[in-house]
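**Q** So you can see what is in the structure, the chains are spelled out below.
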Amino acid sequence: MSYTIEGSTGPWELVIGLEVHAQVISKSKLFSGAATEFGAEPNSQVSFIDAGFPGMLPVINRECVAQAVRTGLGLKAEINLWSRFDRKNYFYADLPQGYQISQYAHPIVGKGEVEIELADGTRKTVGITRLHLEQDAGKSLHDQHPTKSYIDLNRSGVALMEIVSEPDMRSPEEAGAYLSKLRQILRYLGTCDGNMDEGSMRADVNVSVRKPGEGYRTRCEVKNVNSVKFVMQAVEAEARRQIEVWESGGTVEQETRLFDTQRGLTRSMRSKEDAHDYRYFPEPDLPPLVLEKDWVEQIKATLPELPDARRARYVAMGLTPYDAHVLTLEKETAAFFETVAKGRDAKMAANWVTGDFFAALNRLKRDITDPPVTAENLGKLLDLIADNTISGKIAKDVFEIMIETGKAPGEIVEERGLKQVTDTGAIEKAVADVLAKNADKVAEYKAGKDKLFGFFVGQTMKAMQGKGNPALVNEVVKKLLG
Amino acid sequence: MRPTDLTLKGALDALNAGETTSVALTEAFLEAIARLNPRLNAFVTVTAEKALEAAKASDARRAAGQAGPLEGAPIAIKDLFCTAGVQTTAGSRILGGFVPPYESTVTANLLRDGAVFLGKVNMDEFAMGSSNTTSASGPVENPWSRANNPDTRLVPGGSSGGSAAAVAARLALGATATDTGGSIRQPAAFCGIAGIKPTYGRCSRFGIVAFASSLDQAGPVARTVEDCAILLKSMAGFDPKDATSADVPVPDFAAACGRSVKGLRIGVPKEYRLDGLAPEIGALWEQGLQWLRDQGAETVEISLPHTKYALPTYYIVAPAEASSNLARYDGVRFGLRKTEASSDLRDLYERTRAAGFGQEVRRRIMIGTYVLSAGYYDAYYLKAQKVRALIRRDFEQAWGKVDAIVTPATPTAAFGMDERQDDPVTMYLNDVFTVTANLAGLPGLAVPAGLDPQGLPLGLQVIGKPFDEETCFSVGAALERAANFTALPGIRA
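Residue numbers (the working numbering), protein chains in the order written: chain A, 245 to 726; chain B, 11 to 503.
Because the hints were derived from the structure by calculation, they are not lab data.
Watch out, some of these pointers could steer you wrong.
[Said to hold, decoys possible] Below, a list of computed lysine to aspartate or glutamate pairs in the EDC-like style, where the Cα atoms sit at most 16 Å apart:
1. A:Lys651 - A:Asp641
2. A:Lys575 - A:Asp552
3. A:Lys392 - B:Asp357
4. B:Lys348 - B:Glu360
5. A:Lys392 - B:Asp354
6. A:Lys392 - B:Glu350
What you are looking at is a predicted structure, and each value in this text was computed from that prediction instead of being measured.
Please work from the sequences and hints to get the whole structure.
**A** Here is the structure:
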């Protein structure tokens, strides 16, 4: 059943497309050698090119081009071997050249696709219209002085990829899933860090509504939405606003809007009449960008495994689809899991990572990039279970001690004498003691109270401080009662 | 011979022979500048102290056996080239007080080869003009004057009017210049000297204040074709800081000056025989072709059918690019800033740009903005780009038949400072023979070849194939030899 919003005149469908700006991971800017690190002192990473000084010229950064190609390949898109930069002209204090160098008419990447999965398990393909490279503007700081604006040009000239989707999404959930999936793919590719709160990924959301079966109605663009949650909220808020306009006999005007996260509403930023005339024309300082097919093929050959492929591989390794999904959400988690699982039982590794390990992360409010237990040590713990050195139950205690002390599991087991007892003689002695102390219970058991079997096992384990091998203890209890 | 009368080649020979020093030459030129510049206004900044220091350092390098190809030669730099630590204004109020912390690649190359900079020379504002009357530093006077009316002050041409006037008046051995539609060749012709706009991409544009990026190209002006060849050799070369600079070897241009033109096929474009072409220009053109035939070249009539669209095309493409290139002069980071207590950002822009840009620059920014605007782009800019491709194709087809093309450099000799100032379109006609080389990216060399009835110099132009400046120099030197141009301007050191 497709998503609709019920208005006073009946159900309305949503039509959503996203333009995502993703900051390219690169050491230097798109057209200059200045650094791109986040959080540096204002105006400390600015070359004369980024500041638009007279006589300065842009020179394309090869690594940024490779990143765009990598991203295009990751989105299963056409790579345009011939593309071109254009100038987008407008005046603003944080745009030093008075124009932004962008790819308007001939982008480097053409049509591609992203597959999303929704909560109910349905899968859907969202089309990618294009991806192009462009330079970012600087940042205007309006809150530093009562009457003046401050300008930080550190971001000026940093490479961005603008990734434009087809208007293929039909619900807030789909829009959220698309943005999450796109972010996941870029992070796997290592082409964008996806840090939305640092602004390295932001979305312009295009929304329109229509009656089922209709063609497209006028859309509005909600600018600069910077989280998955806000995208979903902005879609719904904007759709509801438009429905109200249509249903009260009005007409939705094409315009640019902003999402007020406090009030959960969109408000008008500028109308179509106020839209800039950007006077695009081919950037005469840069020749067309011509890529060699071999170079693109080389990049393709070194592309990392992407989330969908990795998830399928995990399922093939015996993981549940859910565990495979959870473990592949972040590439760091997947890498952690793979280290734990390497040469070991994959299912058991997945259980430990998604179970005790995730629980510890949550409890300690730590991140996968700063784990309380290393993947290597968690792997060693699994080895100790597998070779019967400790039981699964003792392992949970060892895991907690590993978190507290940071020590390797072998060392902990050794120090604390937690090694499992597999000596049948010792176990027989312990069982015999338990049976002797509980002669009344033995009699009840023999009279047919089968349930007491577990009691004898438990008492034995207790007497052995949990170190008895559970299978052997069971076996011996059965034998001695028998 | 007085040092200021030396050619660049002559001065380098004298330096190499130990007959003079860079300090002696530099002092002589500085003295001449001090004497004549108040009248000519060719220099906007004279860096006398720096020049003398540089000359001393140069003499020391020469003494140490480390002389570069231009070691010790005093030259002038067009104020469009950014020079580290020396004010660079591009002839505009908006760059008043701007001292770049960086050196343009072309001037850095000249310094590397030992040149001594006397100072910065005047130009039309942002290189927009054909008369050097649009400069914020005031007009430059042509050192030549009419025999029958010596009191009428003449323009040196533009936009490199300061470069051409300085070299013609012997205030420098040579000068850097730039050419977007004729800005090297027209002033060279007006001032009776040589000048070459090389192939687009031959010289780096890094550090040159941009006018129209797809057309701008640096080149030298000097008193002989060979001097131009020597200077261009130092100025040219691939620069990784300019994505449009060409990664091709730089040949020995001076050697090409001595090459015979025998067997060369010289194209004569019939479309350049304009209606109303001054008879003395037509006669000089025919004379030039005869000189080349006399030296064994063959002249061939060719057709460049889209020539008549060249000027309109140029006056769409160049202003379009300029309107964008000049957006950075906004009063925010450098140069002029005009603001009131109540100014908001928009007001700052408006005040700064209104006060900073002269009339011609404002006109071109408006034309450029217009032709790129929504609804007009296709009819103007896009169509102009298409015509530009056709003009380029005209030349490509011609190269199947000829090795070089010879045309007049300008439709007239130098005009009076108060003439032709009312109608910009008449002014734009100055570029009629030169813009095509810019639109097609080809090298074009202007050579002084004769005098008009008033005793004013007239030039011929040699257009070559892409990156074949050598043939331009061979043909230009052949014309120079035959013309034996020995006339001198009235005002000179």
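**Q** Hint by hint, note whether the structure agrees.
**A** For each hint, the structure was consulted:
no.: 1; hint: A:Lys651 - A:Asp641; verdict: holds, 13 Å
no.: 2; hint: A:Lys575 - A:Asp552; verdict: holds, 12 Å
no.: 3; hint: A:Lys392 - B:Asp357; verdict: holds, 14 Å
no.: 4; hint: B:Lys348 - B:Glu360; verdict: holds, 9 Å
no.: 5; hint: A:Lys392 - B:Asp354; verdict: holds, 9 Å
no.: 6; hint: A:Lys392 - B:Glu350; verdict: holds, 13 Å
The structure shown violates none of the earlier numbered hints.
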